[in-house]
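Residue numbers (this note's numbering), protein chains in the order written: chain B, 1 to 112; chain Y, 1001 to 1113.
No lab work stands behind these hints, which were simulated from the structure alone.
Each hint should be verified, as a subset may be incorrect.
Straight line, CA to CA, 30 Å or less: simulated BS3-like cross-link-like pairs of lysine-lysine [what the hints assert, rightly or not]:
1) B/K52 / B/K69
2) Y/K1057 / B/K69
3) B/K3 / Y/K1057
4) B/K69 / B/K3
5) Y/K1070 / Y/K1011
6) B/K3 / B/K99
7) B/K3 / B/K52
8) Y/K1057 / B/K99
9) Y/K1011 / Y/K1057
10) B/K99 / B/K69
11) Y/K1070 / B/K99
12) B/K99 / B/K52
13) Y/K1011 / B/K99
14) Y/K1070 / Y/K1057
Here are a few chain B residues that face chain Y, going by a calculated C-beta distance under 10 Å [stated by the list, open to error]:
15) Y36
16) Y46
17) K99
C-beta: ideal position from N, C-alpha, C; glycine also.
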Amino acid sequence: DAKTTQPPSMDCAEGRAANLPCNHSTISGNEYVYWYRQIHSQGPQYIIHGLKNNETNEMASLIITEDRKSSTLILPHATLRDTAVYYCIVRIYGGATNKLIFGTGTLLAVQP
Amino acid sequence: DAGITQSPRYKITETGRQVTLMCHQTWSHSYMFWYRQDLGHGLRLIYYSAAADITDKGEVPDGYVVSRSKTENFPLTLESATRSQTSVYFCASSDTGGNLEAFFGQGTRLTVV
Chain B
1 DAKTTQPPSM DCAEGRAANL PCNHSTISGN EYVYWYRQIH SQGPQYIIHG LKNNETNEMA
61 SLIITEDRKS STLILPHATL RDTAVYYCIV RIYGGATNKL IFGTGTLLAV QP
Chain Y
1001 DAGITQSPRY KITETGRQVT LMCHQTWSHS YMFWYRQDLG HGLRLIYYSA AADITDKGEV
1061 PDGYVVSRSK TENFPLTLES ATRSQTSVYF CASSDTGGNL EAFFGQGTRL TVV
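Use the sequences and the hints to build the structure in full.
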């Protein structure tokens, strides 16, 4: 699986959009981009995933660049409960080796 | 109850002892994973399993043994615990279809003294 690079930490004001970047310059054509988050001491929680088109669900939006070498997770209206570590992962979809490898993630601190 | 459960939630053991962490899921998911998370660090994959009787090493498999005789269970054994294995252990499961969303257990906090 391709490696990802994320900033170690970011701040965001409550109510504002949080934009979390991720670089995955070695991503291959059959790898999807997944985002998870981990709120303190809990198990990680799935947020969203995509291949090359932008995706949106009730939690967030995912913007993937045209060359697929980077992506941005957008939380449109961050709340204090969104304070967590956010992990960007690239993963082969349905491949024989279905590993899920986490990087170090970005600690998002939402400030009141 | 449906879901993924880990047991025990907390465990203290002595160096050199064997300890087994249990993971049980009720969805019949094909894939199961074991991770460890050390204080202030991300999750590192120990072992994973694609189906019953199929397991493979992750990033940090040394010192650990897994088995998967039934789809729903994926126990992790530390054959001779060391202090460096003090960590929080997370189990997860994921199906082969849909969005491959992985569901995580609540974690087991293991302390080796």
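Checked hints:
1. B/K52 / B/K69: This hinted pair holds, its Cα atoms lying about 10 Å apart.
2. Y/K1057 / B/K69: Satisfied, since the Cα-Cα distance of roughly 28 Å is no more than 30 Å.
3. B/K3 / Y/K1057: Given pair B/K3, Y/K1057 holds - Cα atoms ~18 Å apart, limit 30 Å.
4. B/K69 / B/K3: 11 Å, holds
5. Y/K1070 / Y/K1011: 24 Å, holds
6. B/K3 / B/K99: 13 Å, holds
7. B/K3 / B/K52: With Cα atoms ~17 Å apart, B/K3 and B/K52 stay inside 30 Å; holds.
8. Y/K1057 / B/K99: 10 Å, holds
9. Y/K1011 / Y/K1057: 24 Å, holds
10. B/K99 / B/K69: 20 Å, holds
11. Y/K1070 / B/K99: Holds - the C-alpha atoms of B/K99 and Y/K1070 are around 20 Å apart, at most 30 Å.
12. B/K99 / B/K52: Roughly 20 Å between the alpha carbons, so the hint for B/K99 and B/K52 holds.
13. Y/K1011 / B/K99: 27 Å, holds
14. Y/K1070 / Y/K1057: 18 Å, holds
15. Y36: 8 Å, holds
16. Y46: With a closest approach of 4 Å, the B/Y46 hint holds.
17. K99: 6 Å, holds
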